[in-house]
Amino acid sequence: MSYKPTIPIGPYHPLQEEPEFYKLVVDGEKVVDVDVRIGWNHRGIEKISESKSFDQSIFIVERICGICSSSHPITCVQAVEDIAGIEVPERALYIRSIIQELERLHSHMLWVGLAGHFLGYNTVFMWGWKYREPICDIMETVTGNRQNYAMLKVGGVRRDIEKEHVSYILTRLDEFLRQLDLLKGAVLDDPVIHARLKGVGILTKEKAVDYAALGPTARASGVDIDVRRDHPYAAYDRIKWNVITQSEGDVFAKTVVRILEMYESVSIIRQCLDDMPKGPIDSKPKDIPPGEGIGQVEAPRGECIHYIKSDGTNSPVRHKVRAPTYMNFPTFRETVIGQTVSDATIILAAIDPCYCCTERMLVVDTEDKDLMNAQGLIRLSQEKTRRLKDEMGIK
Amino acid sequence: MGIKEKILSRSIYVFHVSSGSCNNCDIELLDCLTPRYDIERFGIVLVGSVRHADALFCTGSTNRLCVPRIKKLYEQMPKPGFIVAWGACGSSRGLFKDSYNTDRPLDEVIPVDIYIPGCPPKPEAIIAGLVKLKEKILAGKKG
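Going down the list, the sequences are from chains A and B.
Mapped onto numbering that gives the first Met the number 0, the consecutive letters of the first sequence carry residue numbers 0 to 394.
Mapped onto numbering that gives the first Met the number 0, the consecutive letters of the second sequence carry residue numbers 0 to 142.
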């Protein structure tokens, strides 16, 4: 049996809700196989949730992932509301939509920044994260915290969006939109980014369906799915918006989907703020009857599902969480095989698993006695961009 | 104040280790490095290897798989090395205190110098914590 050099990636993966471990098997520059393992960084959230009351378990699921810290609570409260058949006040539904879209904005912006970093565009990284700040400011004003918003409760939301907040949100959104236009131009019109991303890591429509890919990963391959439209929750069925799809399935298409989705999100937030009815924000439910419930939410990375079983007491008997990245990971294997090692980082990045894993990458090439860590891999990726720039004669 | 402390406090090189965190502390750490807060103006830079680091930023609830790795990182770190525990989880395991997979807090694994509480700590709190770290280095107190 011949020995194949491998690149272990992970297992600790700080920007990701489910840290995982990849092993890239390489033949020179080409990736020939990949082994994915998940289950690291396990904190036993489902079990902790089962020992807490329904009100407390929302705070636990909020801390599954820092970026999705409103998607998981919304899913969890929807599952509980599904058990008890609780009617949520209209105003609370609109507020949920607003929070969810603000979260999508900051998540996608963060993604664009990090993708830029891996391509060697540190300016895009710094811009992306700077332009994300207006969203964090809105979050801080409305919810009191930049992350972990604690806005959700069973039967409604915890805090109202005050009249004074609305004009502030709109001004900051305008500011964000101007910067987004700038960033969109800088990223999507750049010939080097076209050369780096087009045709790289293609996930065909058939494969996206086979692997049950979700969210922007699936939509970039032409699979027209979006929980917000297919199984409307919150206020998404009351406003007009479009599902963004692309047909190419490569990394560039995934970038386009995410950038265009940010425009949709801004439009959704504006409509919600306009149409938001007056009234209570909480239906104050008392008891949760025995039963089972499911919550579905379109998180920034795809569909997130919570299953909760209740036995009539005040805590869940079973709480199952399925985060979107769980479904998107296997597509990484499909897309990375046959690509070069310098593209592996951006292909992994494209499914938005959050890349801190790359900081723990280690290349051991036995033939050349070459030892390479995360910085080395990022350097490889950045050098490729530089080489392309030189070839194209761009300074 | 010796020359060692003076030089060390001017440019703290930092290695970031996440041990079962929810990302928020890690995002806020990166946020501190980007233009709005920019802790690089105090000479604080992220490095790729713990062997180059003066300080270790530990986020997360130190679950069982991470404990041996954190110990190893601490052993590899040049001394004096300063440990900063980030967020509620780093300081005390926070919400995950009762989990079966987090059996001890960070300060029982390695000696911690600075605690930055919060879930996640705001960038302002982080900067305040790092100023305290600087004072501690200048005072010549090894953690």
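If you are wondering where the hints come from, they were derived from the structure by calculation, not from laboratory data.
As the structure is a computational prediction, the values presented were derived from the model and not from experiment.
Keep in mind that a hint or two might mislead.
Unchecked claim - DSBU-like cross-link-like pairs, simulated, lysine-lysine; straight-line CA separation at most 30 Å: (1) K3(B) with K133(B); (2) K46(A) with K319(A); (3) K51(A) with K29(A); (4) K183(A) with K197(A); (5) K308(A) with K319(A); (6) K22(A) with K51(A); (7) K3(A) with K71(B); (8) K121(B) with K183(A); (9) K46(A) with K121(B); (10) K70(B) with K135(B); (11) K383(A) with K197(A); (12) K133(B) with K129(A); (13) K51(A) with K78(B); (14) K29(A) with K206(A); (15) K308(A) with K5(B); (16) K29(A) with K383(A); (17) K319(A) with K96(B); (18) K131(B) with K129(A); (19) K71(B) with K22(A); (20) K46(A) with K133(B); (21) K96(B) with K285(A); (22) K121(B) with K131(B); (23) K22(A) with K70(B); (24) K129(A) with K121(B); (25) K206(A) with K285(A); (26) K285(A) with K239(A); (27) K121(B) with K96(B); (28) K78(B) with K5(B); (29) K3(B) with K51(A); (30) K46(A) with K70(B); (31) K78(B) with K133(B); (32) K96(B) with K3(B); (33) K162(A) with K121(B); (34) K383(A) with K183(A).
Results for each hint:
1. K3(B) with K133(B): 13 Å, holds
2. K46(A) with K319(A): Satisfied, since the Cα-Cα distance of roughly 9 Å is no more than 30 Å.
3. K51(A) with K29(A): Outside the cut-off at roughly 48 Å; violated.
4. K183(A) with K197(A): 16 Å, holds
5. K308(A) with K319(A): 9 Å, holds
6. K22(A) with K51(A): Roughly 37 Å separates the two Cα atoms, so the pair is violated.
7. K3(A) with K71(B): Holds, at about 28 Å.
8. K121(B) with K183(A): Holds: K121(B) and K183(A) sit about 29 Å apart, inside 30 Å.
9. K46(A) with K121(B): Roughly 29 Å separates the two Cα atoms, so the pair holds.
10. K70(B) with K135(B): 23 Å, holds
11. K383(A) with K197(A): Since the Cα atoms of K383(A) and K197(A) sit roughly 14 Å apart, the hinted pair holds (cutoff 30 Å).
12. K133(B) with K129(A): 26 Å, holds
13. K51(A) with K78(B): Violated, at about 42 Å.
14. K29(A) with K206(A): 21 Å, holds
15. K308(A) with K5(B): Violated: K308(A) and K5(B) sit about 59 Å apart, past 30 Å.
16. K29(A) with K383(A): It holds: about 15 Å lies between the C-alpha atoms, which stays within 30 Å.
17. K319(A) with K96(B): 20 Å, holds
18. K131(B) with K129(A): 26 Å, holds
19. K71(B) with K22(A): 22 Å, holds
20. K46(A) with K133(B): Given that 30 Å is the threshold and the Cα spacing comes to 40 Å, the pair is violated.
21. K96(B) with K285(A): Satisfied, since the Cα-Cα distance of roughly 28 Å is no more than 30 Å.
22. K121(B) with K131(B): 15 Å, holds
23. K22(A) with K70(B): 24 Å, holds
24. K129(A) with K121(B): 16 Å, holds
25. K206(A) with K285(A): Violated, at roughly 46 Å.
26. K285(A) with K239(A): 34 Å, violated
27. K121(B) with K96(B): Distance of about 22 Å is within 30 Å: holds.
28. K78(B) with K5(B): 15 Å, holds
29. K3(B) with K51(A): 50 Å, violated
30. K46(A) with K70(B): 27 Å, holds
31. K78(B) with K133(B): Roughly 16 Å between the alpha carbons, so the hint for K78(B) and K133(B) holds.
32. K96(B) with K3(B): 38 Å, violated
33. K162(A) with K121(B): The given pair, whose Cα atoms are some 26 Å apart, holds under the 30 Å limit.
34. K383(A) with K183(A): 22 Å, holds
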